[in-house]
Amino acid sequence: MKHVINKRIITLMALALLLSLVATLGVSGVGAQSPTAAATPAATSTVTPGVSAAASPLATLPAGSSVEVLATWGSVETDSFQAMVAPWEQQTGAKMNFTGTRDLIAILTTRIQAGNPPDIAILPNPGQMIQLANAKNLKPLSTMLDMATINQQYSTSWVDLGTVNGTLYAIFMKAANKSMIWYNPNTFTTNGWQIPGTWDELISFSDKIVSDKKTPAYPWSVGVESGQASGWPATDWIAQIFLTKYGGDVYDQWVNHQIPWTDPRIKDAWNMFGTIINTPGYVPGGATTALSTNFQDATYLPFQTPPQAAMHYEGDFVEGFITAQFPNLVAGKDFDFFPFPTIVSATGTAGSPAASSTVTASPNASASVLASPPATAAATAAYPSGTASPVATVASQAAVTGGADLVCAFKDNAAVRSFVSYLATPEAQTIWVKRGGFTSLNKLVSLDAYPDAIAKKSAQQLVSASLFRFGAGDMMPSAMQAAWWAGVLQYLQNPDQLDSILINLENTAKTAYATTATAGSSATASATATVSPTSMVSSTATSP
Amino acid sequence: MEVKGIPKMAENTRPRPVRGGGRAAWLWLLPALFFISIYLIYPAVDTFRLSLMNANSTVLVGWDNYKFIFTDKIMQNALLNNVLWIVLFTLLSVGLGLLFAVLAGRVRYEAAAKAMIFIPMAISFVAAAVIWRFVYTYRPPGFEQIGLVNAITGSFGLPPVSWLTQQVIPYLNSALPAPLHANNIAVILVGVWMWTGFAMVVLSAGLKGIPSEVLEAARVDGANEFQIFRRIILPLVSPTIAVVATTLVIQSLKIFDIVWVMTAGNYGTDVIATLMYKYMFIYQDFGKSGALAVILLAAIIPIMLISIRRFRSQEEIR
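These protein sequences, in sequence, are chains A and B.
Be aware that the first sequence starts at 1, since it is given in this note's numbering, and climbs by one per residue.
Be aware that the second sequence starts at 1001, since it is given in this note's numbering, and climbs by one per residue.
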């Protein structure tokens, strides 16, 4: 009897086991098939171009329509994005489901592999977009949007930056400006300090602050601690110095690893940053403080009472930190920024090679802003153009590093088309611009929409910059970026080891760029192609 | 190694299974074996396979990843750091744990005293690391010190120390060779703070197991308290100490959370596990992170075997 029961149970268990095996196999089978299934519609989706593309983004959609959006945005940004999308939801009757995550790349990768991507993802940098486009995961926006409108409302450089192999895959919005030196206007007035315009002036001004021994007694506040990403504020410094001094072409070569890390120009940029950190008296506590101070805490020094440092270099997000920490301070009056100064290199003017390169690299770009007739009036009205003519410029090119979020589509349907078209409109973007923390790249968004003087000034600097590049780290393979972060920390600890640090980075680069090349086939090549015309030339080059 | 070892040991101690029941026994074992092979053996073998391949697992590179780990400066530094963790963390945790266990056993408010020491164990690693980041906070000289340690040392007129980034030993201004860096030790002390409670509780239980007649006899014979501790208590709790030490050695080999939250492995505080994470999720180099995982496993297995063997020999005594 006992034996019989045993046997029965055994048979049952064996059956259950078999079933579970089959189930696992079945699941993995589905998993294996779906990526290909997800990849193929790229070809089929192009069958119906232009039909709904021209339709108004606010036309009513079928009941129950929805789009799912994945982005890196947090609480405040999410609220603003919801507000931006609200009119679209009201008028189309569709719903937007928003997921904000800091872990966007990991989640996106997993979901793409599972054959279940979101409808829309808002990516933080173009490197990822290029990889996804090359892997045929993205749907072309050129068939979803009315390209005439896009070309009219966005400058060529931004359209080019969102284009891979001749197809538009991304719309840029929410640009970030990382070329700002924050200061306290009150202390400048009290001490009779002038805003420096060139790097040499910046250094002599810093020396003056040290010798003046007024309040604040230190010229600089620097903090590079940021948990696992520690070091990035220092890499921003180096990228900004490098771009300002050596121009866009060499910057692109650096970012794409066409020049080695041991290049004397790269070393020079590190050393110039080192001047700020290691000159005694420049940073309170020197490199030790910079290493152990959180990047957010470092922004407070010029604005606390009494102020502890005169200046702080960082991006436009600093405004959020300052207003949160010191709610009584008024933007533009109690805290303000001036653009990162120009750098005259010993071999000649830094500005002019950059300027000439922008002109030769993309002859149309310089003219396009003003050349597109319907936009001309609006563009000139919205953006007071730069004063310098590229040809005549001598070391007065304002180089801007920064970033922007990219709207990419993974599916192509009526709701997605309507949604992307809507996001690209100046009306939609003005909603967020007014709420703050958003710099629009749409030329029809009025500068008057910005909530305060600083946001307006930042937008103006960003849109009128003659030389714009994405932050160097964001354009490099992630392994390279992480190694660079670690490298600057090492440099801050031991500045005399710079040569060996750069040799190590060059070794990392050899493998990091090789990996990306094999993973994303021609990723590097196409990156080079799209990056070069990045330069935003909206200055009055030559009026037609 | 592990797979081979277990049945052999089973032969030694267990009675031989009744013949004829063999097939049924295997059937009973099947579900467990099935899950172990899916969740343990397959990943281990696959990790080893990946460790012999390049970053994106397309080309076989042989032992290159292992060569890299033992020649690269950052990797070597991480391995040395792990050695420091094993030595310092284990010695301090066990030593302090024993000290507290002995002392707490002699006071009336024993439970409260032990609870105080044990509380850090109940806090998550990440929370503990965050707390200690505040404790170690550094502000430049002349600024108000908001970190506890620097505030205390500052009140004695000592200059502030950047405990988590500084490698030179504070106040001496001289650097000791590789793993003996100030920031490494500062991070290890956080681990000690967390795990001393564990060592204390287990050792305290071991101490309670010592028959009181033995101690009384010693006292009657005129032994002083130190002699009692040295000649009686220590030998009698040594098996417990060995168990605790083994656990802590394994713990220090696997250490990740504390280092990750406090320094993220920067400033020369990387350990094997943080580098494994970095190579996996940041550098996306499956080969090197796989090799690190294999090395970590290889380092832990002998310790596990030793503790299993000791456990068995104790079982036999009983």
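You may find that some hints are simply not true.
Unchecked claim - Here are the simulated BS3-like pairs of lysine-lysine, each with C-alpha atoms no more than 25 angstroms apart in a straight line:
#1 Lys-1073/B x Lys-510/A
#2 Lys-1067/B x Lys-267/A
#3 Lys-510/A x Lys-1067/B
To be verified - The following residues of chain B were derived to be distant from chain A, with all beta-carbon distances above 10 angstroms:
#4 Leu-1040
#5 Leu-1164
#6 Pro-1177
#7 Val-1220
#8 Trp-1260
#9 Val-1261
#10 Ile-1282
#11 Asp-1285
Everything labelled a hint here was simulated from the structure, so no lab data went into it.
Backbone N, C-alpha and C define an ideal beta-carbon position, used for all residues, glycine too.
Each hint, compared with the structure:
1. Lys-1073/B x Lys-510/A: Between Lys-1073/B and Lys-510/A the Cα gap is close to 17 angstroms, so the pair holds against 25 angstroms.
2. Lys-1067/B x Lys-267/A: Violated: Lys-1067/B and Lys-267/A sit about 30 angstroms apart, past 25 angstroms.
3. Lys-510/A x Lys-1067/B: holds, 18 angstroms
4. Leu-1040: The claim holds: Leu-1040/B sits with its nearest Cβ about 16 angstroms from chain A, beyond 10 angstroms.
5. Leu-1164: violated, 6 angstroms
6. Pro-1177: Its Cβ never comes within 10 angstroms of chain A, the nearest being 15 angstroms, so this holds.
7. Val-1220: holds, 58 angstroms
8. Trp-1260: violated, 7 angstroms
9. Val-1261: violated, 8 angstroms
10. Ile-1282: Since the minimum Cβ distance to chain A is about 5 angstroms, Ile-1282/B lies within 10 angstroms and the statement is violated.
11. Asp-1285: With a cut-off of 10 angstroms, Asp-1285/B comes too close to chain A, as the shortest Cβ separation is near 7 angstroms.
When each numbered hint is compared with the structure, violations occur for hints 2, 5, 8, 9, 10 and 11.
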